[in-house]
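Peer 1: Sequence:
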Amino acid sequence: MKKYIYTSLMAISGLFLSCTDVIEVEVPTADPRLVIEASLDWEKGSLGNVQMVKLSTTTPYFDSDQPNAVTNAVVSVTRLSTNDVYNFINQNDGTYTTTQFEPVFNENYALTVQYNNETYTATETLLPTTPITYINQSRSGGFLSDALELNVHFEDPEEEDNFYILRFLRQGDLYPELRDVSDEFLNGNEINIFYEKRDDDEGGEFKPGDVVDINLFNVSERYYKFIQLLNSQSGSGNPFAPTPVELRGNCVNITNPDNYPYGYFRVTETDKQDYIFIE
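At position 265 of the sequence shown (counting the first as 1) the number is 265 in the working numbering, and the numbers step up by one without a gap.
Source of the hints: derived by calculation from the structure; they are not laboratory data.
Some hints here could point you the wrong way.
What the hints assert, rightly or not - Ranges of calculated distance between the beta carbons of each label pair, as one might list FRET restraints:
hint, residue 1, residue 2, range
1, 99, 198, 16 to 22 Å
2, 43, 230, 21 to 27 Å
3, 32, 175, 21 to 27 Å
4, 175, 66, 17 to 23 Å
5, 139, 119, 51 to 57 Å
6, 69, 159, 43 to 49 Å
What the hints assert, rightly or not - Straight-line Cα separation of at most 30 Å, DSBU-like style, residue types lysine-lysine; simulated pairs:
hint, residue 1, residue 2
7, 225, 54
8, 54, 272
9, 225, 272
10, 44, 54
These numbers were taken from a predicted model, which means no experiment stands behind them.
C-beta: ideal position from N, C-alpha, C; glycine also.
Could you build the full structure based on these sequences and the hints that come with them?
Peer 2: Structure (structure tokens):
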């Protein structure tokens, strides 16, 4: 009887195995595009002279280990009102740095990247940023009951349109989180932005002793909308959300417009503070 059962199971297993087919799926690929990460941030209280631009190329989805740093470009930034040029030195690892940048409020700056005989450009205005007034923690203002949350407070200037980005990075986490807010309905008032973590987030909920790096930026409306779209497409978890669209920044290829890049050129002041959660 035992032998009969064993033989029957072997026969059934062989039946399933014989019906297994390998399906090869053709995954569409595209030519690599340049990716420009150019955030020139002038931290309050610093000279702002040390800046960096990072260049890479897109890679196929299933070839994420493929080297993609761009090491043969020429990078510079120009202050348009004076034509002062700040050349960025190639570090041969995809980063280009300078120690000579001179940030000036409300000046227009133009980025130029020369790569593979094509020229990419972008223009941005350096805006002053209102300072963070104070930071506190609580357990009652977020979505999760009793979860620790961070509250960042700052005063919005009156009679001007402002667009803010807050960047949060818990020390030890790999990626920051961004919050976008405008003063459309808050003009001239104190603005309070809260930030909390869920159990399924990287590192789990906030705990006493956690340290969070916080940056407040006052940015252009175009960059604000760029981050809004980025946030709406990154891990919303909403099955009824709109289909993701191609996310383009303000960088353009003036040599070959069809070969457009990804990424963004941003120049802004930032107020940076750290907060340590307590019991």
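Peer 1: Work down the list of hints and note, for each, if the structure agrees.
Peer 2: Each hint, compared with the structure:
{"no.": "1", "hint": "99 - 198: 16 to 22 Å", "in the structure": "41 Å, violated"}
{"no.": "2", "hint": "43 - 230: 21 to 27 Å", "in the structure": "23 Å, holds"}
{"no.": "3", "hint": "32 - 175: 21 to 27 Å", "in the structure": "23 Å, holds"}
{"no.": "4", "hint": "175 - 66: 17 to 23 Å", "in the structure": "21 Å, holds"}
{"no.": "5", "hint": "139 - 119: 51 to 57 Å", "in the structure": "53 Å, holds"}
{"no.": "6", "hint": "69 - 159: 43 to 49 Å", "in the structure": "45 Å, holds"}
{"no.": "7", "hint": "225 - 54", "in the structure": "22 Å, holds"}
{"no.": "8", "hint": "54 - 272", "in the structure": "21 Å, holds"}
{"no.": "9", "hint": "225 - 272", "in the structure": "22 Å, holds"}
{"no.": "10", "hint": "44 - 54", "in the structure": "23 Å, holds"}
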